[in-house]
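**Student:** Top line first, the protein sequences correspond to chains A and B.
Heads up: the first sequence begins at 1 in the working numbering, then just goes up one per residue.
Heads up: the second sequence begins at 1 in the working numbering, then just goes up one per residue.
Mixed in with the good hints there might be a few duds.
Residues from chain B shown here face chain A by an in silico Cβ test under 10 Å; the list is partial [claimed, not checked]: (1) Tyr40; (2) Pro134; (3) Gly135.
In silico contact screen, one side only, chain B against chain A (beta carbon under 8 Å); selected entries [stated by the list, open to error]: (4) Ile7; (5) Val12; (6) Ala87; (7) Leu90; (8) Thr91; (9) Val105; (10) Gly137; (11) Pro140; (12) Val217; (13) Leu219.
Which stretches of chain A does chain B cover? Using the computed rule of at least three CB atoms under 8 Å from a CB of chain B, they are [unchecked claim]: (14) 26-35; (15) 40-54.
These are calculated hints, taken from the structure and not from any lab test.
From the three backbone atoms N, C-alpha and C, an ideal C-beta is built for every residue, glycine too.
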Amino acid sequence: MSQSQTAQAQHLPVATRQVGRLAQSLMAMTLGLFIVGVVGFSHIDVIHNAAHDVRHSNAFPCH
Amino acid sequence: MSTFRSIVFSSVIAGFIVGLIVTAAQQFGTVPLILRAEVYEKAAEHRHEASAQPRAILVHDHADHDHGAEAWEPKDGLERNLYTAGANILTAIGFALLLCGFLAVRSGATGEPISWHEGLMWGLAGFAVFTIAPGLGLPPELPGVPAAPLLSRQIWWTIAVLATAAGLGLIVFRRSMPAAVAGVVLIMLPHLIGAPELEHVKTNVPSSLSHQFVVAVTLTSLVFWSLLGSLTSAAFAYFDRPASA
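So here's chain B without its partners, still in its complex pose:
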């Protein structure tokens, strides 16, 4: 089987399983908190509309929120959860493809298949790169909590991810003192620059709810990356056997 096909097969299988498990975990962890925060968000919107704000500001606000009033959105309940499951599966397959690409290059270079345990280590690296590093500057946020403009946050998030991945790569694979120092500096750099944030954040979402959300996101993400790393590597070791190469 070609390397590309092995990677795609492994990623789709691992991504599907992990996406479903994480969807179930989110139903207990993050989703109840999102729904509770939306009660505050909607209450604030209603007050906003009831107040004598000029119409222009109201329209502007909505555009800023990326919540076009006319745009389709899934109905609460089953429909919304089905879309969440679908998006989780796609996200897991996407990250699995990325992860499995590294595994394929690595096992190609060493000539050894990647064990599930080494895959777990790669998954934990993904957790550090995609959850911990960007989450330090931009903590997981509930709906209804105002934040800096979306694009600036997406750019900072991407920079934090790239810098952390490059930094970890230097530390793990170069194994020299200068590379290790450069790696640590690279990981720190986006945080020294600082993530975009608003000067004044006014929200009626309780801070205890926001704190619970940070914990819930971090834990479900740890489950996501641990499972994705070990399952993807196990599946890839199976599909990438020398006999079928």
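With the rest of the complex left out, here is chain A:
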């Protein structure tokens, strides 16, 4: 009984850390996709012109 309680106590924080890690990773990935989206895919002329050579060099759809 006490053994399983100890096991539980050890497991809970790990599980919580895992969820926190997943949420933080997803946040970072969303930020990354947003940056790539703006640089590579925005239809705004000024952004297109500034990143023109990069869009072509990365084979992002351009023009």
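Following the hints, position chain B against chain A.
**Tutor:** Here is chain B on its own, set in the frame of chain A:
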């Protein structure tokens, strides 16, 4: 250090280095070809303007090209290259954040730090997902080569990327026969549907130049993803040490 901060630190450092290296590589690889193609593009535009085309068609054409005549653009030379460097660094940081998110989840699940070599494998997966798969249907294109409407190509590009990433994920992490079959089918699916393309492509950009460009883009992209994968994982292993967690 929190996971989010470790990911951001690693991605900014790796992205900055990779962005600079790739900018240098592009100066030898892709940029000279883009500049040569623009000579043909501008010559075609001049002929276009000189011909007796009605004004309305000319205006329409420009809107279609996303090249608003009034819109700001960097001056050729240093200014243009500085913006290219900036955009390369931002793109590298963006992709590094995405990649590092996967690395963090993976090392969290296994309890082991990701080695630079495993990071390189993740980088090569990024190369397959973001360059090879969309490039099969929509090969890297030079300025002055007409293509299907931009939005339709962006949508197909996104579908190809998502399907390839999901397919590779099924094959690598599920390790069962049905999942492997589903993964391969998923990777093939966007290509069976087919990328949007024009029926008739009229361009005066030589096809040899376009072919050189495909090779240059693919090689610089291979350098980009190999470096990004290994550097991001090495940086993340450093910042995500258990002592500082």
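**Student:** Would you pick out the hints that fail for this structure and give their numbers low to high?
**Tutor:** Numbers 1, 5, 10, 13 - these are the hints that the structure violates, sorted from lowest upward.
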